[in-house]
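Colleague: So the protein lines, in turn, are chains Z and E.
Counting in this note's numbering, the first sequence runs from 1 upward without gaps.
Counting in this note's numbering, the second sequence runs from 237 upward without gaps.
Don't read these hints as lab results, they were simulated from the structure.
The beta-carbon is built from N, C-alpha and C at its ideal position, and this holds for glycine as well.
Treat the hints with care, since some could be wrong.
With a straight-line Cα cutoff of 25 angstroms, these simulated DMTMM-like cross-link-like pairs (lysine to aspartate or glutamate) come out [unchecked claim]: (1) 298(E) with 310(E); (2) 298(E) with 311(E); (3) 249(E) with 279(E); (4) 298(E) with 148(Z); (5) 249(E) with 108(Z); (6) 249(E) with 319(E); (7) 298(E) with 273(E); (8) 298(E) with 108(Z); (9) 249(E) with 149(Z); (10) 278(E) with 54(Z); (11) 278(E) with 156(Z); (12) 298(E) with 319(E); (13) 249(E) with 156(Z); (14) 298(E) with 270(E); (15) 249(E) with 315(E); (16) 249(E) with 302(E); (17) 278(E) with 258(E); (18) 249(E) with 273(E); (19) 249(E) with 301(E); (20) 278(E) with 301(E); (21) 298(E) with 156(Z); (22) 278(E) with 319(E); (23) 298(E) with 239(E); (24) 278(E) with 302(E); (25) 298(E) with 315(E); (26) 278(E) with 148(Z); (27) 249(E) with 148(Z); (28) 249(E) with 270(E); (29) 249(E) with 54(Z); (30) 278(E) with 239(E).
So these bits of chain E aren't anywhere near chain Z, every CB distance computed over 12 angstroms [stated by the list, open to error]: (31) 237; (32) 239; (33) 241; (34) 289; (35) 293; (36) 297.
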Amino acid sequence: MRIAVLRFPGTWSEVDFAHALSLVGAEADILWHADADLRGYDAAIVPGGFTYGDYLRAGAIAAISPAAAELRRADREGMPILGSCNGFQILCEIGLLPGALVRNRHLEFRCDWVHMRIENDHTPFTAGLRGEIVRMPIAHGEGCWVADDLTLARIEANGQVVFRYTDERGAATVESNPNGSTANIAGLANTVGNVVGLMPHPERCSEEMLGGTDGRKVLEALTASRHNAQAPVPVQ
Amino acid sequence: MTDFVATIRVRPKAEVRDPQGEAVAGALRSLGMDVADVRTGKEIVVRFVAPDASAARTVAEKMGDELLANPVIEEFAVEVAAE
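All chains, please: the whole structure from these sequences, using the hints.
Modeller: Rendered as structure tokens:
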């Protein structure tokens, strides 16, 4: 499986993603955003970082890069696309995912471990993981997901919430929400399920020495998805 | 062609919480000022040339629509002046 990992000015997790993908047997190429060509790849990853210094809004300037048009084209073909942290912010700014990510409610930058419940397994990144409670690290100042009430209701009704902040037992409490995100939403999918974004960093918890391996489940789900490669399954 | 200055003011929509504004309100109150509410935003000043004021406004609105504001969470207002 060949996976494209995008690099913008200020991306910082692309090498970690390429390494984590190598652990699950995938071949990862880091592509520069200005001339990224996703043709021939099985999936694309938009990693975390602080693209363009987070100037204007997190992800706003990356969202008008040539890579944004390429991601839109790949999305139309159903390519699995994962955005983590700043990558999630970029996918929202591009419009491939609904809503927006704004300053954490408490205004603090949070670097911590969080628990999440996986609620949707109709994505290439969570197939077979529904109901699992996973533990992953976060490192962000603008991870509070917001949308208008209608969008939120539609997302919940469509089952587009993929990851929800919970405590270690799976209860979505106020205390387990690290940034004030609406409805404890940590990550979500588009309506079809091929595009997924989340604030935590799966690439930073893919081997024991990093303190956790739950991120590896997401990457393994992706590499396993190729064995039954098909058009993406709509969410329920 | 004339030189124009466009001032684009971006602010969070009324229904979007503004934690920075809340923090500023708290700080002002701690100084003893009786503050009911604070909303923060940003001001972006752009210089460019355009044939006339109407064309300059159209360009500035396009800047707001396509990059400077995110319509999911923000609204913006444009002022255009000839230099």
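Colleague: With a cut-off of 25 angstroms on the C-alpha distance, tell me whether residue 249(E) and residue 301(E) pass.
Modeller: Holds, because 14 angstroms separates the two Cα atoms, which is no more than 25 angstroms.
Colleague: Holds or violated: residue 278(E) with residue 239(E), Cα cutoff 25 angstroms?
Modeller: holds (23 angstroms)
Colleague: For the pair supplied as a hint, residue 278(E) and residue 319(E), confirm whether the alpha-carbon distance does not exceed 25 angstroms.
Modeller: holds (22 angstroms)
Colleague: Do the alpha carbons of residue 298(E) and residue 311(E) lie within 25 angstroms of each other, as the hint requires?
Modeller: OK: residue 298(E) and residue 311(E) at ~13 angstroms, within 25 angstroms.
Colleague: Are all beta-carbon distances from residue 239(E) to chain Z longer than 12 angstroms?
Modeller: holds (24 angstroms)
Colleague: Keeping to a limit of 25 angstroms between CA atoms, is the pair of residue 249(E) and residue 54(Z) held or broken?
Modeller: holds (20 angstroms)
Colleague: Is it correct that the beta-carbon of residue 297(E) has no partner in chain Z closer than or equal to 12 angstroms?
Modeller: holds (17 angstroms)
Colleague: Does the structure keep residue 249(E) and residue 149(Z) at a Cα separation of 25 angstroms or less?
Modeller: holds (14 angstroms)
Colleague: Is the hinted pair residue 249(E) and residue 302(E) satisfied, with a Cα-Cα distance of at most 25 angstroms?
Modeller: holds (17 angstroms)
Colleague: Quickly compare the C-alpha distance for residue 298(E) and residue 156(Z) to 25 angstroms and report which way the hint goes.
Modeller: violated (33 angstroms)
Colleague: Confirm or reject: residue 241(E) is not an interface residue toward chain Z, with every Cβ-Cβ distance exceeding 12 angstroms.
Modeller: holds (19 angstroms)
Colleague: Is the hinted pair residue 249(E) and residue 273(E) satisfied, with a Cα-Cα distance of at most 25 angstroms?
Modeller: This hinted pair holds, its Cα atoms lying about 14 angstroms apart.
Comparing the model with each earlier hint shows violations of hints 6, 7, 8, 11, 14 and 21; every other hint is respected.
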